[in-house]
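Going down the list, the protein sequences come from chains A and B. For the first sequence, this note's numbering begins at 164 and goes up steadily by one. For the second sequence, this note's numbering begins at 1305 and goes up steadily by one.
Just so you know, these hints were derived from the structure itself, not from any lab. Only a predicted model underlies this, so the values are computations on that prediction, with no experimental measurement involved. Built from N, CA and C at the ideal position, the CB exists for glycine as well.
Derived DSS-like pairs (lysine-lysine); straight-line CA-CA distance at most 30 Å:
1) 1669/B x 1744/B
2) 1423/B x 1356/B
3) 1423/B x 201/A
4) 1588/B x 1609/B
5) 1741/B x 201/A
6) 1511/B x 1744/B
Partial list, computed: chain A residues near chain B (C-beta under 7 Å):
7) 225
8) 228
9) 258
10) 463
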Amino acid sequence: MFDLNTLWFILVTVLFIGYFILEGFDFGVGILLPFLGKEDRERRVIINTIGPFWDGNEVWLITAGGAIFAAFPNWYATLFSGFYLALFLMLVALIVRGVAFEFRSKDNNPQWRSLWDWMIFVGSFIPALLWGVALGNILRGVPIDASMTYVGGFFNLLNPYALLGGLTTLTVFTLQGAIFLVLKTDGDLMSRAMAATKKVGPVATVMVFGFVVVGYFMTEAFARLGINPGIIPITAGAVLLAAGWFIHNDRPGWAFIMNSLTILLSTVTIFMSLFPRVMVSSLNPDWSLTIYNASSSPYTLKVMTIVALIFVPIVLAYQGWSYYVFRQRVTLQSELEY
Amino acid sequence: MEALTLARWQFGITTVYHFFFVPLTLGLSILVAIMQTMYYRTGDETYKKMTKFWGKLFLINFAMGVVTGIVQEFQFGMNWSEYSRFVGDIFGAPLAIEALLAFFMESTFIGLWVFGWDKLSKRVHLATIWLVAFGSNLSALWILIANSFMQEPVGYVLRNGRAEMTDFFALLTNPHVWVQFPHVFFAGMTTAGFFVMGISAYHFLKKSDNQEFFRRSFNMAVVYALIGAISVMLVGHTQAQHMIQSQPMKMAAAEALWESEDPAAMSLFTIGNEPELRDVWAIKVPGLLSFLAYNSFDGEVQGIKNIQAEYEQTYGPGDYIPPVAVSYWTFRIMVGAGMAMALLTIVSLYLVSKGKLTGNALLLKALMWAIALPYLANTTGWLFTELARAPWIVFGLQTIEEAVSPNVTAGELWISLTGYALIYGLLMVADLYLLLKFAKAGPGGKSEAQPEKAPAGTPAGVIAK
Chain A
164 MFDLNTLWFI
174 LVTVLFIGYF
184 ILEGFDFGVG
194 ILLPFLGKED
204 RERRVIINTI
214 GPFWDGNEVW
224 LITAGGAIFA
234 AFPNWYATLF
244 SGFYLALFLM
254 LVALIVRGVA
264 FEFRSKDNNP
274 QWRSLWDWMI
284 FVGSFIPALL
294 WGVALGNILR
304 GVPIDASMTY
314 VGGFFNLLNP
324 YALLGGLTTL
334 TVFTLQGAIF
344 LVLKTDGDLM
354 SRAMAATKKV
364 GPVATVMVFG
374 FVVVGYFMTE
384 AFARLGINPG
394 IIPITAGAVL
404 LAAGWFIHND
414 RPGWAFIMNS
424 LTILLSTVTI
434 FMSLFPRVMV
444 SSLNPDWSLT
454 IYNASSSPYT
464 LKVMTIVALI
474 FVPIVLAYQG
484 WSYYVFRQRV
494 TLQSELEY
Chain B
1305 MEALTLARWQ
1315 FGITTVYHFF
1325 FVPLTLGLSI
1335 LVAIMQTMYY
1345 RTGDETYKKM
1355 TKFWGKLFLI
1365 NFAMGVVTGI
1375 VQEFQFGMNW
1385 SEYSRFVGDI
1395 FGAPLAIEAL
1405 LAFFMESTFI
1415 GLWVFGWDKL
1425 SKRVHLATIW
1435 LVAFGSNLSA
1445 LWILIANSFM
1455 QEPVGYVLRN
1465 GRAEMTDFFA
1475 LLTNPHVWVQ
1485 FPHVFFAGMT
1495 TAGFFVMGIS
1505 AYHFLKKSDN
1515 QEFFRRSFNM
1525 AVVYALIGAI
1535 SVMLVGHTQA
1545 QHMIQSQPMK
1555 MAAAEALWES
1565 EDPAAMSLFT
1575 IGNEPELRDV
1585 WAIKVPGLLS
1595 FLAYNSFDGE
1605 VQGIKNIQAE
1615 YEQTYGPGDY
1625 IPPVAVSYWT
1635 FRIMVGAGMA
1645 MALLTIVSLY
1655 LVSKGKLTGN
1665 ALLLKALMWA
1675 IALPYLANTT
1685 GWLFTELARA
1695 PWIVFGLQTI
1705 EEAVSPNVTA
1715 GELWISLTGY
1725 ALIYGLLMVA
1735 DLYLLLKFAK
1745 AGPGGKSEAQ
1755 PEKAPAGTPA
1765 GVIAK
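Whenever a hint applies, use it, and build me the whole structure from the sequences.
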């Protein structure tokens, strides 16, 4: 039955898709920054490829957080208090990273710049890793008691499967960033980014398939999908392979589209395998949080639906426009604003 | 320390720190937008330089506000999970709407503004900064709609063991919103005005280049700050009158008014004995509190003891008295700083009109140091409105004690609290270093980072110029 709870589950999925695709590439760019930028000006070029976008990309996460709070308050409460230290680490990383983008070019001292460049790296690396850890745990199920409270502590989250998930998102986002840099730079920088895609691409592919295969044995969520998981997960695998093929044949535009589709379809797969649950309890299936026992009242869902239907298209329109305005490549000869 | 205490300290520190940057963002975004509008209208390059210079300081501050705001969005769930479960049905909505309507707008258009000088037409580029200003202030409105529910719950029913929304428009028209939001909005104007006035005063004193640049900046800022400072006081007065109706305990604590009085005297200076709920020594003006409350020299203002007795009747046995000394002094520091700012702007405006401002070294020095005043007022004001609501997290519905996450341990809180304090401290140092550096350098100053132009002689470098 299709109801507002389902609609909000889909909307949260959409927000995470947008977040992973968009911040995926700016995390990747941040991770690659110290390795691809050989000198200061090149690093500035790399940063400027995401300069106008990263802040807007991050709002996808904030909005996803807000949407979960508004539509599924129990999900918000259980997830965020449960994954407390992991989330704290991620927040610190995002803080340092955001400030670093703004501060790094405001002083000429090479040590100052190097400090903030490494902060951009660390601030991109940690969340890129932690997102996979979080997803791995959500798929695997975590100890949640009858009162919807997570009772597992921090180290319970650092299990091998979740860490494999972490490496998966880390490599996929790095690949996404590398392809993005191929599209947005030129010259030596572009060649180096191209070389990076060819190195990271195969690793990311192995990771994704590894995560799925292990997931079939380790999680009940994936196992629920069955031997024939349906068109979406299979297509997710296919587009990932296609991304690799396009990288190999130097077609970065298509590779970017395919890799974005991989992220999109994988995210759909993950949420689909959870549905209608949002947090799986490893202690007792009855204690899992679902889109019903975790949700807001019908009235609030209705209000939020109206707001979302009006404003999501507007946001998409002006964010799309901003990508259009900055569609050109950033080069060493560009005037690098501020 | 137990987890609850640590969680409160963490929320207090992260929120006050976040709010250190927000009012300047609110006010300065509009002021920079006005400067750019002047440039657009007149084509005068000085206005463009003003936009760029103040815009750069704005951006340094903006970044800090944005990144510390992410913590705010998540820590309700992290540290106050029982609060989130209890009011999520109501409180989550304005937060989500804030992100969707305001955060997307300000973050997308700030990118377009910073990187779009050469890529957008002048007109469209001007629109981007106005949208940043609009988005920032819109976000303040939505977060205060959420906060107002905690101060004065409306449009809800208690059902399924939680507060559920029954009337969205009641949230929007909550009377508390419409005294609190203007208060914060005008505080933002005042903060930005004093920020620009103080830095300009520094350059007048130093007799640096660009006197005309700072003269114009100062003149705009002083009018802006005056409107802000006077309005903030008028709104504050209305807000206090509303508070006496809706949260009488908060007002009684602000005045250290132990017993109900009619007419009520206003304390100018009280040394109190808080545990025994009595004055040790006080100077009071008879009837003034009644006048402030009701615009007439009589009328009963309820005292702490009476309200405590009344609340025990309504809510059951318990201690309903907020920390009185903290409430009393934060309130006084806020009001005192506000009055000092109003006075300073009036004197400054008078001297500007007489053409005597730049010769008055004493006032210029005072204005430099007065940059601290709005920060003092903003911080104490926020501390007051939140602390003097104790023991309630949501007035009359949930106490702070009931709201905390049961599964976040004191050990975890020590890690996060120390972590935030350390990172925030270091970032504050870096932030102040940059602000001071650019503020002192002035427009096109020597210590400014070299604008990153293409190497001389390359074709694109010529084109870009």
